[in-house]
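Protein chains in written order, with my numbering: chain W, 33 to 166; chain A, 33 to 166; chain X, 33 to 166; chain Y, 33 to 166.
It should be emphasised that the hints constitute simulated quantities derived from the structure, not laboratory data.
Please note: incorrect hints may appear among the correct ones.
Put simply, identical chains are the same to the list, so a pair is met inside one copy or across any two.
[Stated by the list, open to error] Below, in silico cross-link-like pairs of lysine-lysine (BS3-like), each with a Cα-Cα straight-line distance of 27 Å or less:
#1 K150 x K77
#2 K125 x K150
#3 K77 x K114
#4 K157 x K77
Since we're looking at a predicted model, the values are computed, not measured.
Number of protein chains: 4
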Amino acid sequence: MSQQTRLRVRYAETDQMGVVYYANYLVWMEVGRVECVRALGLRYKDLEQSEGLFLSVVESNCRYLYPARYDQEVIVETSVSKASSRMVEFGYKISSVEPERLLAEGFTRHIWLNREWKPTSLPQKYRAALGIGR
Amino acid sequence: MSQQTRLRVRYAETDQMGVVYYANYLVWMEVGRVECVRALGLRYKDLEQSEGLFLSVVESNCRYLYPARYDQEVIVETSVSKASSRMVEFGYKISSVEPERLLAEGFTRHIWLNREWKPTSLPQKYRAALGIGR
Amino acid sequence: MSQQTRLRVRYAETDQMGVVYYANYLVWMEVGRVECVRALGLRYKDLEQSEGLFLSVVESNCRYLYPARYDQEVIVETSVSKASSRMVEFGYKISSVEPERLLAEGFTRHIWLNREWKPTSLPQKYRAALGIGR
Amino acid sequence: MSQQTRLRVRYAETDQMGVVYYANYLVWMEVGRVECVRALGLRYKDLEQSEGLFLSVVESNCRYLYPARYDQEVIVETSVSKASSRMVEFGYKISSVEPERLLAEGFTRHIWLNREWKPTSLPQKYRAALGIGR
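Here chain W stands alone, though its shape is the one from the complex (with noise of 0.2 Å):
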């Protein structure tokens, strides 16, 4: 299962090369990662406000392929590629609609955090919505 998210590409996500600047792809797989987790529904919003838990990035990897330009529309697919109460790890494919084409690839990895920035693992009653214990 797979989230599509899509967005347009804003000036200031340019830089002078004529193209989006490196690190706004992790910016829009943040964007893609919201939605996906919404669509598994989950809320992350609630999951900090009710829970007192934090998803943690440990590590991000980004691929890029073709750049993105301004004003393109972009999808951000995002999915769930492993997860266990501890860790989830999201994968994204970028894509511009207009040529169809994929812009970059990548992965991000995090971990459950509480209220005291301690690592914990996730309630039980939230991790069938992330395929954890199937």
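Since the structure of chain W is provided, determine the placement of chains A, X and Y on it from the hints.
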């Protein structure tokens, strides 16, 4: 009294016009403001953590005279232009070093908020630093 | 005539006060401005590429009334508040959807530049779209 | 040989978790990379403008060990980990000064592009600086 802060234009701060994206001048103002407050003997981080005081922005203004370019050294000259126990206004002049040229000027206006996000007044002991009550 | 653009607050746009960082309102203004220009029948990307016309900002102003928060849906309402053949001023109202509340308002002022970065006037054929000459 | 660059964490770089947003480490890598290239006797700005050579990123990777916080002084230690006439890989170690602690490490991989955005090889005269051909 004014405080000068130097910074070098980052690639990330440019846009596809080949110059610094306009919102980034507000980031530079923040960098200058922090240094200005520090030079006055306050430390913004401590005000936040120990006193629960937040300097919340209520207005920003910037006039753009000349574009800043990648790798240029830039000086942000910051001063307190107005201050009372409840509000502070900072003025900024942003210049390039080579060539020596005024790039932008502006101001930001702030009020003090407490931990409950209510407007509050700056404790007496910090006022002299901002020239209040003279 | 005003143009409404919706966006959702990104995690990247928040700061450690737990609200949207003040410079990001200018990014949202840019998003609104592009959509406003598009709704008027112009396409900013084409003006840049085909005509060599750049809308260069000369002033920005923002009054911050209420903080925007992560994951909120936000509406940027943009209109052309003044326009001549040489300059354009846009006005912005930024509101949250839930609760329905005005968060910020402001304006940006721009001049047209040609490929040589010299002030120029907007070609006749584009003026009606901006309501110039009526 | 490695190059150390110091920077201070900006408020703009934090997010609502109270730490530096994960994409900003890639911005810091870029700051370190520019200084590293400069220390090697090249100037990235000149390569772009005089030679029409662009260092285009093809992969980024970052492992996040410990969060960076607002106002901390941070050292980015950058080195060329691999280089040929067609590609360069930089390695990064990002540490806080107080306390002295490794915060993140990663790499970026780049290829040289010419003005037509085609992969090209670095002119002979610049190769020694990057240790190519030794």
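To see whether the hints hold, each was checked on the structure:
1. K150 x K77: both (19 Å within a copy, 23 Å between copies)
2. K125 x K150: between (31 Å within a copy, 23 Å between copies)
3. K77 x K114: within (21 Å within a copy, 38 Å between copies)
4. K157 x K77: Within one copy, since 17 Å is at most 27 Å while 38 Å is not.
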